[in-house]
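The lines below spell out each chain.
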Amino acid sequence: MPISINPQMMREIIMDHYNNPLHKKVPENLEGYKKIRMDSDSCIDDITIYLKIENDTILDATFDGVACTISTSSTDILCDLIIGKSLKDALYIVEQYKNMIYEKEFDDSVLDELIVFINTHKQAARIKCATLGPTGVEDILNGKDDK
Amino acid sequence: MFDVNKIRKDFPMLNGKHFTNNGKPIIYFDNAATTFKPYSVIEATDKYYKEENANAHRGDYDLAYRVDKEVDSVREKVAKFFNANKIEIVFTSGCSMSMNLVAFGYGFKYLKKDDEILLTEAEHASNVLPWFKVSELTGAKIRYIPLTKEGRLTPENLRKVINKNVKVVSVAQITNVLGFKNDIKELSKIAHEFGAILVCDAAQSAPHMKIDVKDLDCDFMCLSGHKMCGPTGIGVLYGKYDLLKITDPFMTGGGDNARFDMCGNVAYLEPPAKFEAGTMNLAGIYGLGAAIDYLNEIGMENIEKYEIELHDYAISKLKTIKDLTIYNESADSGIITLNYNGVFAQDEASYLNSQGICVRSGEHCAKLLKDILKTPATVRVSFYFYNTKEEIDELYKALKNGGNFLDAYFN
Chain S
443 MPISINPQMM
453 REIIMDHYNN
463 PLHKKVPENL
473 EGYKKIRMDS
483 DSCIDDITIY
493 LKIENDTILD
503 ATFDGVACTI
513 STSSTDILCD
523 LIIGKSLKDA
533 LYIVEQYKNM
543 IYEKEFDDSV
553 LDELIVFINT
563 HKQAARIKCA
573 TLGPTGVEDI
583 LNGKDDK
Chain V
1489 MFDVNKIRKD
1499 FPMLNGKHFT
1509 NNGKPIIYFD
1519 NAATTFKPYS
1529 VIEATDKYYK
1539 EENANAHRGD
1549 YDLAYRVDKE
1559 VDSVREKVAK
1569 FFNANKIEIV
1579 FTSGCSMSMN
1589 LVAFGYGFKY
1599 LKKDDEILLT
1609 EAEHASNVLP
1619 WFKVSELTGA
1629 KIRYIPLTKE
1639 GRLTPENLRK
1649 VINKNVKVVS
1659 VAQITNVLGF
1669 KNDIKELSKI
1679 AHEFGAILVC
1689 DAAQSAPHMK
1699 IDVKDLDCDF
1709 MCLSGHKMCG
1719 PTGIGVLYGK
1729 YDLLKITDPF
1739 MTGGGDNARF
1749 DMCGNVAYLE
1759 PPAKFEAGTM
1769 NLAGIYGLGA
1779 AIDYLNEIGM
1789 ENIEKYEIEL
1799 HDYAISKLKT
1809 IKDLTIYNES
1819 ADSGIITLNY
1829 NGVFAQDEAS
1839 YLNSQGICVR
1849 SGEHCAKLLK
1859 DILKTPATVR
1869 VSFYFYNTKE
1879 EIDELYKALK
1889 NGGNFLDAYF
1899 N
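Chains as they are written, first to last, in this note's numbering: chain S, 443 to 589; chain V, 1489 to 1899.
Hints listed in this document are in silico derivations from the structure and should not be mistaken for laboratory results.
Careful: at least some of the hints might be erroneous.
[Claimed, not checked] Using 20 Å as the maximum straight-line C-alpha spacing, the simulated DMTMM-like pairs for lysine to aspartate or glutamate come out as follows:
id	chain 1	residue 1	chain 2	residue 2
1	V	Lys1698	V	Glu1785
2	S	Lys570	V	Asp1895
3	S	Lys527	S	Asp502
4	S	Lys466	S	Asp581
5	V	Lys1862	S	Asp502
6	V	Lys1568	V	Asp1550
7	S	Lys564	S	Asp506
8	S	Lys564	V	Glu1785
9	V	Lys1574	V	Asp1705
10	V	Lys1568	V	Asp1781
11	V	Lys1497	V	Glu1878
12	V	Lys1862	S	Asp488
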């Protein structure tokens, strides 16, 4: 995705993933899923993320709960991006995404629609929203699991 | 004469030199969370550090004597402010600590299995979680007094559920999400008929209205200084003296005992000193004294009247925005809880921030209340006497465009 994407398109992407998230659901059969509950201490966002990983590949990624537009859409886009990827590739995406959020150098070639969150740093209070889901995904990829 | 423009000059945070990160002048509507401080309060806390810095309870030198005298004088001021006796005023770190002191010092000591504690679903976490602990430790049961459909607590509803097993009724005088005023006097009367004590959470009422504890006849009352122009980290517990005498200290240590030996014999001081172990927030006490002087000068009746005026003005304007849901139009205080239809509360609050307006999104710690509001989150706007109608006009303008909340994210 080109970085020249305009604000109107960014807005539409965010709203689309908020109003019609592709991956916002609890898996029907939880067997084989790792999960983590991300309960923000500074706001009301409260989401649980579910990842199914087999042979180093992410077979499924979903989330559920109550969360704002930025949290919901960033988590939904990330879930979409990492399904089918290896743990290493997925971790790389999260790392580059966080680099972007925290205004460090980042590799935009792997971020796809996540680029729409590039303005987050302008609203400091939103950094927590934009990183809540991705941090949960990262935690699971690093071995955490709320049984 | 109440003159808001004159009042605003007393507050450094209202000097027009404070801006959001995107350069908008700050309009502060989160007064239910904490309030701005006038110069006089800041100067009083400074005075402790700059001129009278010594520990209390050290009678050996003049400097310490001055601190003791000031602590005593502020205690007197607080007592007078609420029509209590000086010995019934305990300094704490804030309302939460006051609540915990009552729950652990009194509730944990006297409640037994099958006793009952009555709360409501509109209480702040600080008036719920300590009682959960007491229930866990003693086996006493927690029950909720039903609220009206609107979310109000009525004396009739207390009557419906109270019985001889109820030992504690603990409720807010003004609730922190809906801003409804409860009739503490009548609720106390009913509680006493059944042999229960009434604990009044005055965190949201003490800053905004005149309180006479003798008239209310509540048994304990808890409040925070920082919500009434005072410093953070200082609060008050009022308790009827006979009850304070039989309440255990929540913390023990230096300053709360007359003598002790290593066999476990301790002679605690009389209240309030027995509850004030450790070095207190002395600068906070100095500041609280100045805050009370400041509020007295303006007059609590004037403050309450003006805040109701702001509330009614805001409601009349906001009501005209058709996409707004207001949950407590008839609130008896300066608290307005709302949502912009279809916009998550946090998104709306974040948008208002981009317009310079500070409000709170969330469940406001009243997590249980969502069963009544039927929404997981709301935006809370809360006024204090230094807010103006012009500021409310700005809120109205911002909320009219409240559906375009993502503007904030791109501009």
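Which numbered hints are broken by the structure, listed smallest first?
As far as the earlier hints go, 5, 6, 7 and 8 are violated by this structure, in ascending order.
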